[in-house]
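Colleague: So you can see what is in the structure, the chains are spelled out below.
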Amino acid sequence: MNTLPVLLVLLLWGTIVGLDVVTFPQSMASRPLVAGTVSGMLIALVTPDVPLNAIFTGMLVGSVLELYALDVLPVGAARYPDYGPATVAAVYAALGWRPEAGLGGATAVGLLTAVLGGWTMQMVRRANAVAIQKKAADLAAGDSGAIRALQLGGIRRDIARSAGVTACGLLLGIVVWPLVPSGTENFRWVSVVAVGGGVAAALGGAIRGAGRTRRLAWVMAGLAGGILLVGLQ
Amino acid sequence: MNGRWRAFLRLFAVQGAWNYERMLGVGMGYAAEPLLEDLGNADPARHAEAVVRSAEFFNCHPYLAGLALGATVRAEYDLVPGQQIIRLRTALCSPLGALGDQLFWSGVLPALIAAALIAVCFGAGTWVVVAFLLLYNLVRIATGAWSLRTGLAAGASVGQEISRSWLPKAARWIGPAAGFLVGLAIPLVGAWSLQWARDAQVAVAGAVALLGVVLSFRFRYTMTSVRFALGAIALAVVWRWTA
Numbered sequence: 001m002n003t004l005p006v007l008l009v010l011l012l013w014g015t016i017v018g019l020d021v022v023t024f025p026q027s028m029a030s031r032p033l034v035a036g037t038v039s040g041m042l043i044a045l046v047t048p049d050v051p052l053n054a055i056f057t058g059m060l061v062g063s064v065l066e067l068y069a070l071d072v073l074p075v076g077a078a079r080y081p082d083y084g085p086a087t088v089a090a091v092y093a094a095l096g097w098r099p100e101a102g103l104g105g106a107t108a109v110g111l112l113t114a115v116l117g118g119w120t121m122q123m124v125r126r127a128n129a130v131a132i133q134k135k136a137a138d139l140a141a142g143d144s145g146a147i148r149a150l151q152l153g154g155i156r157r158d159i160a161r162s163a164g165v166t167a168c169g170l171l172l173g174i175v176v177w178p179l180v181p182s183g184t185e186n187f188r189w190v191s192v193v194a195v196g197g198g199v200a201a202a203l204g205g206a207i208r209g210a211g212r213t214r215r216l217a218w219v220m221a222g223l224a225g226g227i228l229l230v231g232l233q
Numbered sequence: 001m002n003g004r005w006r007a008f009l010r011l012f013a014v015q016g017a018w019n020y021e022r023m024l025g026v027g028m029g030y031a032a033e034p035l036l037e038d039l040g041n042a043d044p045a046r047h048a049e050a051v052v053r054s055a056e057f058f059n060c061h062p063y064l065a066g067l068a069l070g071a072t073v074r075a076e077y078d079l080v081p082g083q084q085i086i087r088l089r090t091a092l093c094s095p096l097g098a099l100g101d102q103l104f105w106s107g108v109l110p111a112l113i114a115a116a117l118i119a120v121c122f123g124a125g126t127w128v129v130v131a132f133l134l135l136y137n138l139v140r141i142a143t144g145a146w147s148l149r150t151g152l153a154a155g156a157s158v159g160q161e162i163s164r165s166w167l168p169k170a171a172r173w174i175g176p177a178a179g180f181l182v183g184l185a186i187p188l189v190g191a192w193s194l195q196w197a198r199d200a201q202v203a204v205a206g207a208v209a210l211l212g213v214v215l216s217f218r219f220r221y222t223m224t225s226v227r228f229a230l231g232a233i234a235l236a237v238v239w240r241w242t243a
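Chains as they are written, first to last, in this note's numbering: chain E, 1 to 233; chain G, 1 to 243.
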């Protein structure tokens, strides 16, 4: 599945969602559920002969990574994993396997790419600060052109960062592919662990985020309701 | 396109040059530029000072930045002393950050994404992703437009306008709703993702989840969810390859 058109389309989409995380326009297209589902749709569009259901795979991988993303509050100066390009790479990594076998490897690719994304985001922020220091005199003189140049420079840096992170993630997906024989029982167990990790992330994040406020009671009520619904299904 | 519209559109990229020195400062300066154009024609000296102030250190929630932008620009036109405008900007940082984080990052976003996940688990198709994007951005754009309009109208008295507005009430209300929906979504997504699994595999997933939560609280600063998951996945790979 590592055909060039698929890779190019996913690289473009990964760059768009990478930019969306913080810089522009923060529309939440970078949320894993959205990024994953749209990745699946794009793959299905570019290669209609995909043997497995790409849209379902995108939604599945996106939903599991969304559990991990629920643990993250994208607050200002904090360093947090960048799940946008990571999800695009993870969906690519999951293709070609049966979804239940590919989910574990795809989640690992997604998490590694997300960590790389968070790290590069800090590099861009430092580069922005260096650019500002270089234009300190112009800023002190009230030069609007300097502000414009700094702003556009920051956006350009983030475009390059997003493209780079997506490319690394896709490369990781290509590397992981041949390691796993499709549909093996062994890799279903890896998927089981990946889903368990996602549930741990979302639940831990929800409890921590609630603190000892009344929100905690609502989280627990929701959890009880969810477990009940699962039992009834 | 008038200055207000251009400023509104530029606010979508207010974090474009985010950095650890001025944080949102440069983005605010970029968004303020079209609003300050008339001041440049009327009073070039004041305009230059206003441009300098507009790009200084600032930080708040990006969706509510319009409140601070509008208020400070209006204060510039009202010829409020520069030091007072700087104090106004500084005073707005924390409340706008806290309110925005509570309303959007801890409220609207998790609530809507959890609702979308629940819908996916009950068989909703790709339309749910479109619905999520539309609804979220409707709330976000409406809030951004209201912020800029309110800031420009209120000027230096924007603090009173914020405390009288719907923002604090909405921030209080949305938290419990988000908590409930996220709580509801977690087991449903777990079960939906494992619909192919045998009972023993579901039990293992539950055990991994429980262990992850316990470890994340026991080793709060070192055991992040990503580290735990990557470690667990690596152990699972080794276990299955050597089994």
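If you are wondering where the hints come from, they were derived from the structure by calculation, not from laboratory data. For glycine and all other residues, C-beta sits at the position ideal for the given N, C-alpha and C. Take the hints with a grain of salt, since some may be wrong.
Some chain E residues near chain G, calculated using beta-carbon distances under 8 angstroms [stated by the list, open to error]: (1) PHE24; (2) MET28; (3) ALA44; (4) LEU45; (5) PRO48; (6) GLU66; (7) LEU70; (8) LEU73; (9) ASN128; (10) LYS134; (11) GLY154; (12) ALA201; (13) LEU203.
Have a look at the derived ranges for each label pair, beta carbon to beta carbon [what the hints assert, rightly or not]: (14) E:ARG148 x G:ASN137: 44 to 50 angstroms; (15) E:GLY211 x G:VAL238: 15 to 21 angstroms; (16) E:GLN133 x G:CYS93: 40 to 46 angstroms; (17) E:GLY211 x G:ARG164: 26 to 32 angstroms; (18) G:TRP166 x E:THR213: 30 to 36 angstroms; (19) E:LEU45 x G:GLN195: 22 to 28 angstroms; (20) G:THR90 x E:LEU4: 27 to 33 angstroms; (21) E:ALA141 x G:LEU9: 38 to 44 angstroms; (22) G:ARG227 x E:ARG212: 21 to 27 angstroms.
Colleague: Flag every earlier hint the structure violates by its number, smallest first.
Modeller: Going through the list in order, the structure violates hints 3, 4, 5, 10, 14, 15, 16, 18, 20 and 21 and respects the others.
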